[in-house]
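Colleague: What follows is each chain in one-letter form.
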Amino acid sequence: MGVEALELQGLSIRLGGAQILHDVSLSVPAGSFTCLLGPSGCGKTTLLRSIAGFAPPASGDIRLGARSIAGLPPEKRGTAMVFQSYALWPHMTVAGNLTYPLKLRGIARAEREERAEQMLELLGLPGYGARKVGSLSGGQRQRIALGRALIIDPPILLLDEPLSNLDAAIRRNLRGELRRLQQRLGITTIMVTHDQEEALAMADTIVLMRAGQVVQVASPQDLYARPADLDAGRFLGVDNVVAARPDDPVAAATLGFRSMDARIRDTALEEAKGNALVRHGTVLDCAYTGGGYHLQLESGAEVISAVSGVPVAPGSQVCVAVPTASLMAFGTDQRLLPN
Amino acid sequence: MAFASLARRGAANLLPAVMIGLCAFVVFGPLTNLFLWAFAEKWFFPARYPTEFGFDFWHRVFRPRAGAWTSLFNSVWIALATVALSMALAVPAGYALARLKLPARAAIMLIFLLPQAFPSLPIFVNIAQMFYGLGLNGTYTGVVLVHSLPGLVYAVWIATAAFSAVDRTMEEAARNLGAAPLRTFRDITLPQAFPGLVAASIFVFLDSIDEFTGTFFVGTPDITTLPILMFNASMGGNYQIAAITALILLIPSIGFMLVIERFLKADVLSRIGR
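Chains as they are written, first to last, in the numbering used here: chain F, 40 to 378; chain W, 183 to 456.
It is worth saying that the hints were derived from the structure and are not from the lab. Incorrect hints may have been included.
Here are the simulated distance ranges between beta carbons [unchecked claim]:
no.	chain 1	residue 1	chain 2	residue 2	range
1	W	Ala289	F	Gln58	26 to 34 Å
2	F	Gly145	W	Ala266	28 to 36 Å
3	F	Gly80	W	Gln311	53 to 61 Å
4	F	Leu224	W	Arg365	21 to 29 Å
5	W	Ala289	F	Gln123	28 to 36 Å
6	F	Gly80	W	Arg365	29 to 37 Å
None of the values given here were measured: they were computed from a predicted structure. For glycine and all other residues, C-beta sits at the position ideal for the given N, C-alpha and C.
The shape of chain W in the complex, shown without the other chains (with noise of 0.2 Å):
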C-alpha cells in the first residue's frame, strides 16, 4: 500500500523532471554543442568528443587579417545607428499613438505589425532592389535602414506602450502650473517613459545584432557583420569559427538581457497591447 502510493509520487514527481530535462536539452543542447565547437581543436567523424581542445581558432579568428574586429564593430555601430534611428521615429509615433482614442490606435498598431506578418524573404529581395536603383547596396545608410523595419516594430510599439502608462492629468498638472507642451514632454512624459524607452532600445538592439536576411541582401559583400561572418564560417565546413562568432555575439545580447530585466517593469509590458 506504501509503496503503491509511493511509486505513484514518484512517478508524479517524475513526469514534470522529465519534461524539464527535455526542456533543457532542447533549449542548452544547441548551446553545449557550441561551446564544444568554440574550444575544440580537432573533432573528427567518429569521435563523440572533440579529441583535442585549444584556443588555437580564437587567436584565428581575431587576427587582424581574419575580419572578426571589424564585423564586431560593423555589427555595433550598425544596432546603435539603427536603435538611434527606430527611437527618434518611434518616440513621437509612440506618443501620438499613446494619446490616440483606441480603434484608431489599434488599427495603426497593427499596421505597424504588417511587415513582421509577410515573410521577410520576399521584403527584402525588393528591398535590395530598390536599394540598387537609389546607390543604397552595400552603404551603411542600407544596412541601417533595413535594419530598423523590424527595428520600428518593437521600437514603436513598446514606445506606445511605455507613453501610455504615463498618467495624463500628471502632464495636465504641469500644464496647469506654467509649463509649455514641449517642455512639459521633456520634464513630465519623458522620464516616465524612459524605462520603457530603454526597453524598446534593447530590443532594437538586440534585434540588429542578430539580423541576417536582411544584412545579407543590402550589405553583402562590401559590409560583413558577425552574423554575416559566422554564415560564411558555417558554409565553409569552419565551426570553430562559427562557434566564436557566437559566443561573441552573446556577449551584448546576455548584456543587454540583464539591462532589460533592470528597466522594463511588468506594468509597461502589460500596457502594449491596451
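With the rest of the complex left out, here is chain F (with noise of 0.2 Å):
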C-alpha cells in the first residue's frame, strides 16, 4: 500500500457526555516515527483509537494520505494497530494469527503461509509458526502482534503502549529493535506512550498531550530543552521551580531545571554570577543514588533537589549552581519565555 501521511483536522471526540479530545490538529509526515505522549487519561489512546476506526470523532477530519477516512468502518482503513494487551487470537497458532489478516484479504494458502515464514523470521522468531499462543513469553507475544500488524504492509502502524506489559530489561532492548525496524521499513508509526525516556529515545516527533489537548509537537532534543509550560516541563523531568530573583542569569518569574543540573559547590567557592543560578540552603537529606547521592536542600521557603559527587552530611551549609544552559524561564503564565 505504501507509505502514508497522516493528517488531522480539529478532530474533536465525546465519550459518553465526556469531552476526551478538543479539536486536535496534527500531521504526521509519511516514514516519520510520532510518540503521543502525556499522562493517564489525556486522550492520547483515544486519539489513536480514532485513528483506526475505534472512536468516532464529533467533529474533524481524519486524513491518510489523500482520502479521508474518518467516516470508514475499522476495516476498511487500512490503519495497522498494535494493542496495548497484544490482542493475539488464543484460539489460533502463531501462524494463524499471522495469516488471518492476509485469509481476509484473499490471498492463497501457500502465499499466506510463506509470507508469515518471512514474517516469523524478521521478528528473529524462525520456526515458531506451529506454537500456541499461550506458550509464548510476553516480549515473544509483543513481536507476534507487531507481526500481524505489519504483514498486511499497512500504509500506517498504530502501537498502544507496546512496551508497557514487559520487563524494564525486555522494554529497552525491543525499543531498540523497533525503532530500527521502523527505520528499515520506513512505515508512517504513531506511538501512545506514558513514558518521557520511551518516547525521547524513539521518536522523531513527539506530541505532548494533556487533557484532551496538543501542548506541545517538537523533537525529542527540542522538547527535553524547552518544555512549552511549567507542566509541560514537570512532566519531562523538570523536578525544581524556584521563583526567579532580580540577580539570576535570566528574566523569568519562575526558573525550572532538572536536578541533575543543580551541582552542589562548596560555600566558600562561589560561582560568579552572571551565567549561573546560585541558591544557598541546608541539607535536609543526603541519598545515595549509584553514580552519586541526590541532595534535598532548604532554601528560604523553596526545596531544591541537586546532585553531588560526594556525601554532605545533613544540616551543612551549601551552595548549589545550575549553569545558564540548564535554566528554563517561565513567565507569569508558567508558559515558557522565549529566549
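Two chains, two separate frames, one set of hints: put the complex together.
Modeller: This is the structure:
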C-alpha cells in the first residue's frame, strides 16, 4: 500500500457525554515515528483509537494520504494497530494469527504461509509458526502482535503502549529493535506512551498531550530542552521550580531546572554570578543513588533537589549552582519565555 | 492420657465420616432403591428386598407397543429442537447483553430470571390455555416452545457469560486487520465463546429431557416423553417400569455431564454473574 502521511484536522471526540479530545490538529509526515506522550487520561489512546476507527469523532477529519478515513469502518481503513494487551487470538496458532489478515484479503494458502514464515524470520522467531499463543513469553507475544500488524503492509502503524507490559530489560531491548525495524521498513508510525524516556529514545517527533489537547509538538531534543510550559516541564523531569530573583542570569517569573543539572558547590568557592543560578541552603537529606548522591536542600521557603559527587551531611550549609544553559525561564502565565 | 486424646481424635474423625455417610445416604439411597426396583421381578410388602430378580420388565418396557422407544425418541428430538431454538435466540441475545454496560445488563438478566422465580405450575397452566387458542396443544411445536421457556434462561445466562469472557480488543484487532463485523464474530468471538455455548446447550438439553410439568399440560395425551411415561407408570403402581424409565433417562444426563466436565471451564462459570 506504500507509506502515507496522516493528517488530523480539528478532531473532537466525545465519549459518554465527556469531551475526550478538543479540536486536535496534527500532521504526521510519511515515514516518521511520532509519539503521543502524556499522563494517563490525557486522551492519547483515544486519539490513536480514533485513527483506527474505534472512537467516532464528533467533528473534524482524519486524512490518510489523499483520502479521508474518518467515515470509514475500522476494517476499511488499512491502519494496522498493535494493542497494549497484544490481543492475539488464543484459539489460533502463531502462524494462524499472522496469516488471518492475509486470509481476509483472499491471498492463497501457499503464499500466506510463505509470508508468515518470512515475517517470523524478520521478527527473529523462525519456526514458531506452529506454537500456541499461550506458550509464548510477553516479549514474543509483543513481536507476534507487531508482525500480525505489519504483514498486511499497512500505510500506517499504530502502537498503543506496546512495551508497557514488559520487564524493564526486555523493554529497553525491544525499544531499539522496534525503532530499527520502523526505520528499515520506513513505515509511518504513531506510538502512544506515558513513558517520557521511551518517547525521547524512539520518536522523531513527540506530541505532548494534556487534558484532551495538544500542548506541544517538537523533536525530542527541543521538547526536553524547551518544554512549552511548566506542567509540560514537570512531566519531562523538570523537578525544580524556583522563583526568579533579580540577580539571576535569566529574567523570568519562575525558573525550572532538573536536579541532575544542579551541582553542589562549597559555600566558600562561590561561582561568579552572571552565568549560573546560585542558591544557598541547608541540606535536609542526602541519599546515595549509585553513581552519586541526591540532595534535598532548603533554600528559604523553597526545597531544591540537586546532585553531588560526594556525600554532604544533613544540616550543613551549601551552595547550589545551575548553569544558564540548563535553565528554563517561565513567565507569570507559566508558559516558557522565548529566549 | 493417650487413650483420651485418641478418643478425641477418633471423635473428631467420626463426625465428618458420619456426615459424609448421611449425605451419601440421602443422595444415593433413592438411587439404590431405583436400581433394586429396575431389576426386581417380585417385591411384595413385608419383604425387605426383592424376592426375585430378572429382566422380565425390561422386555416389557422395550416391547414395541409399550411406548418406551417412542417416548425416548420424542424426548431426544424435543430436547434437540429445544436446544436449537434456545441457542438460536441466546447467541445473539447473549452477545448483545455481554457488550452492554453493567447496570442495564444486570437488569435485563434479572428480568430473564423472572419466569424461574414464579411457581411454574400457574405459568404452565396459562401457557396451556393460550396454546389451546393457538392450536399448539398436543403438537411438537407446542412442547418445544414450552421447554424453551426455562431453557432460554440457562442459555442466555451462560451465553452472556461466555461472550463476556471474550476480550473485546481481540475483536477490535480482527476489525483493525480487515474483518467485517460478522466475519469477526464468526472467526474470533464464536470460537472463543464456544465452550460456554456448548455448556449452555447441555444445560438446555438436560432441562428439556427432564421437563415434566410443561409437557404434561401442553403435550399429553398426544405426546409422551420419558418423564410422562415414568409418571404414568408410577401412578399405575408399576414401579419396575418407572424405575427402568428413570435409568434410561440417566443415560443422556450422564453422557452430557461428562461433556460439561470437558468443556466448561471455571473461568466461564465465574463470569455468569458479572
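Colleague: Falls inside 53 to 61 Å, the C-beta gap from F/Gly80 to W/Gln311?
Modeller: 58 Å, holds
Colleague: Within 29 to 37 Å: is that where the Cβ-Cβ distance between F/Gly80 and W/Arg365 falls?
Modeller: 34 Å, holds
Colleague: For W/Ala289 and F/Gln58, compare the CB-CB distance with the range 26 to 34 Å and indicate the outcome.
Modeller: The hint (26 to 34 Å, Cβ to Cβ) holds, given that W/Ala289 and F/Gln58 are roughly 28 Å apart.
Colleague: Falls inside 28 to 36 Å, the C-beta gap from W/Ala289 to F/Gln123?
Modeller: Between W/Ala289 and F/Gln123, where Cβ atoms are some 31 Å apart, the hint holds.
Colleague: A range of 21 to 29 Å was offered for this pair. Does it hold for the Cβ distance of F/Leu224 and W/Arg365?
Modeller: 27 Å, holds
Colleague: Check the following: the C-beta atoms of F/Gly145 and W/Ala266 are separated by a distance inside 28 to 36 Å.
Modeller: About 33 Å separates the Cβ atoms of F/Gly145 and W/Ala266, which means 28 to 36 Å holds.
Checked against the numbered hints given earlier, this structure breaks none of them.
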